[in-house]
Structures are given as C-alpha cells and as structure tokens.
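Asks: Sequence:
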Amino acid sequence: MDCSTESENDSQHNTHASFQQPPANNGHIQVQRRGPGRRIQQVGNVHVLPLTTSEERLIKRRALNRASARRSRQRRIDFAEQASLEIVQLRHQLDYARWEADQWRHLALTLELKSRCATRIFQVASDGKPFHQRAHPIVKITTLTFQEYKRMSLNLWKRTAPRETAYFRLSNVQYSLLAS
1 MDCSTESEND SQHNTHASFQ QPPANNGHIQ VQRRGPGRRI QQVGNVHVLP LTTSEERLIK
61 RRALNRASAR RSRQRRIDFA EQASLEIVQL RHQLDYARWE ADQWRHLALT LELKSRCATR
121 IFQVASDGKP FHQRAHPIVK ITTLTFQEYK RMSLNLWKRT APRETAYFRL SNVQYSLLAS
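Numbering (full-length UniProt numbering) for the sequence shown: 1 to 180.
Derived by calculation from the structure, the hints in this document are not laboratory data.
Pair by pair, the computed Cβ-Cβ distance ranges are: (1) Leu51 x Arg71: 20 to 28 Å; (2) Leu111 x Gln82: 42 to 50 Å; (3) Lys114 x Gln82: 45 to 53 Å.
Heads up, the beta-carbon is just placed ideally off N, CA and C, and yes, glycines get one too.
Construct all of the structure, not just a fragment, from the sequences and the given hints.
Replies: Okay, structure coming up:
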C-alpha cells in the first residue's frame, strides 16, 4: 500500500507540476527570444507578443482611415442638411413668386375687363341722345349684357390662369369690378 500511495503521489505531483501556473514575479517583465527580432514579454501571468513596425503602421493607418471616414460622413450629413434647408427656402420663394404672379395676373385681368366694359359703356351711353337722356354708366355696368361680360372674362382666364382656379378668381374680379 505504501508503494501504491507513493506512486499515486508521484503521478499527482507530476500532473500538478505540468499544469502549474508560472509565478507572478511581482510584475517583473521576463523577456524570451522567439524568432528573429520578436520577443515574448511576460507581465505577471500574461504573455505579450509585441507588434512589429508594419503591424503598428497598419493599426495607425486603420485608425486614421476610420477618423477620416467619420469626418467625411459628418461632412456629407452637414451638406445634406444645408441642401434641405436651401430647398425649403427656395420652395418658400417659389410659392411667394407664384402668389405675386397671381396678384399681378388678377390686377391685369381686372384692368382689362374694366377697360373693355368702360368702352362698351361709352358706346352705349353716347349713342347720339342728349346727355340727360343717356343711360347712366353705373346702371349700364350692372345691366351690361352679363353673358357677354362672363364670356369675355372666361376667355381671358383661359389665356392667363389655370382652369381649376378660374371660377374663384372670376368671382373676385366680378365683385371688384362691380364694386368700383
């Protein structure tokens, strides 16, 4: 039994010795040569293989590429935001220009209709009768062949404005024309 116990103790001792961790060495660095110019450093229980100069360059290059990509991505984002703001501003300017053009078109139509109606009124009112027997221009503007007035204004709108807004603008022109 003593022999078996000794052999068991030896086998346990050998097994334990083969898997035993190296001592910590209190943080002292041990350097061993492995290959040309490469050393394995041991810091405590950690074995460290230092980088070669080409690996260091590669790591630095990748870090610089990541930083450059981050900056270019941020520049693209800033450019897209600036472009979207400019597009919004241009849309506002375009809407205002359209509104202004509509106002000028409305004014031109109103003036053209007034001039045509005034010509017609003058022709009706000065038909050779004495002044006190002539039809009053204000009466004539309301009784002036409304179908003719309507046809005349619709023809103008077909030339100057889209059809879907013609009725609304025509009613505005009629009110402004009859109110003046």
